[in-house]
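In case it helps, the numbering used here puts the sequence shown at residues 10 to 319.
Since the hints were made in silico from the structure, they are not lab data. Treat each hint with caution, since some may be false.
Here are the computed lysine-lysine pairs in the DSSO-like style, where the Cα-Cα straight-line distance is at most 30 Å [unchecked claim]:
hint	residue 1	residue 2
1	K119	K165
2	K101	K225
3	K100	K207
4	K174	K153
5	K184	K76
6	K293	K207
7	K126	K101
8	K165	K153
9	K304	K293
10	K293	K101
11	K76	K101
12	K100	K132
13	K101	K119
14	K207	K184
15	K153	K76
16	K126	K13
17	K119	K132
18	K174	K101
19	K225	K293
Per label pair, the in silico range of CB-to-CB distance [to be verified]:
hint	residue 1	residue 2	range
20	I316	K132	33 to 41 Å
21	E160	Q297	44 to 52 Å
22	T117	D25	26 to 34 Å
23	F14	P299	26 to 34 Å
24	K132	P55	23 to 31 Å
25	G307	D158	21 to 29 Å
26	F14	Q93	35 to 43 Å
Positions of the beta carbon are idealized from the N, C-alpha and C atoms, including for glycine.
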Amino acid sequence: MNYKFAGEVLAEVTRDGVVESLHLGHLVALNADGSVFISAGSPELPIFPRSSIKAIQAAAMLRAGLKVDDEKLALICASHSGAQMHIDLTKKILSDAGIAESAMRNATDKPLGEKEKIAWGDKAGTQFTQNCSGKHAGMLITCKINGWDLESYLDKDHPLQLAIKVELEEMAEEKVSTVSVDGCGAPLFAISTMGLAKAIRKVVTSKDPIYQQIVKAATSFPELIAGEARLTTRMMKAVPGLFMKEGAEGIEVCALSDGRTIAMKIIDGSWRPVSTIIQSIFDKWSVQMPDESVKIYGGPSVVGTVISKI
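Let's have the full structure, built from the sequences with the hints guiding it.
Given below as structure tokens:
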């Protein structure tokens, strides 16, 4: 095992003053001009960025001819909670394009949002409650526009997936090191945390109308990018111009409109320390955000917290 991959301590979990747990990882924070403000862990090592690069996947679709309004585009960029509005809009994206719901090839899953998952109950998950369904609907439309095969749209050598790979490599300024499969079934491309930070900074600072539409869509419809009660949605509503996106297994990216960017990979796969770490960096930048501190409970009482070590 390469223990360098463990990174360094990004946050501590304390209980009555005793450090109970540690969150290790890799992190890059970039200044507005793209220079490195903070580097922690080994940000040059490859990671899987998971859903944090959905904006870049969407850009490849738009570049290939996809044309949708901002509301639909936000859902295509989303890891949605599986609320009824997310399900209905995904189905509308397909129906408006004349594509059968049966064309979807993403995995089935229950809703990602906690409230939505509870409301869903014991029913089996579906492709439409699965959080990447908007992205898959967008992929299908893009394929139809170009006359590409719909059945095989998730194959790593499909023209759409090759276009996404090229888009990501250009944005990250590095080559994809490994191609795997994401939880939803789509190809998954490994890049470094540093490459991820560079890519997300370019998303928000690009003069390309494609990325300008993506950022406008995401920031205009934060409830579609994630969902009610989710950190991403709360933060994008509270911090003017903030672009934010999570990815599975402890991936988080966020960028201010001036280009200041944070990308992190929490090695244990948890999102628990993310808000605390972002808060500590925003404090250094004098950026105001709501209190998103993480409380540790002993019974009904608060007995500890998560402390950023950045």
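| request: Please write out, lowest number first, the hints stated earlier that are contradicted by the structure. | output: Hints 3, 10, 16, 22, 24 and 25 not satisfied by this model.
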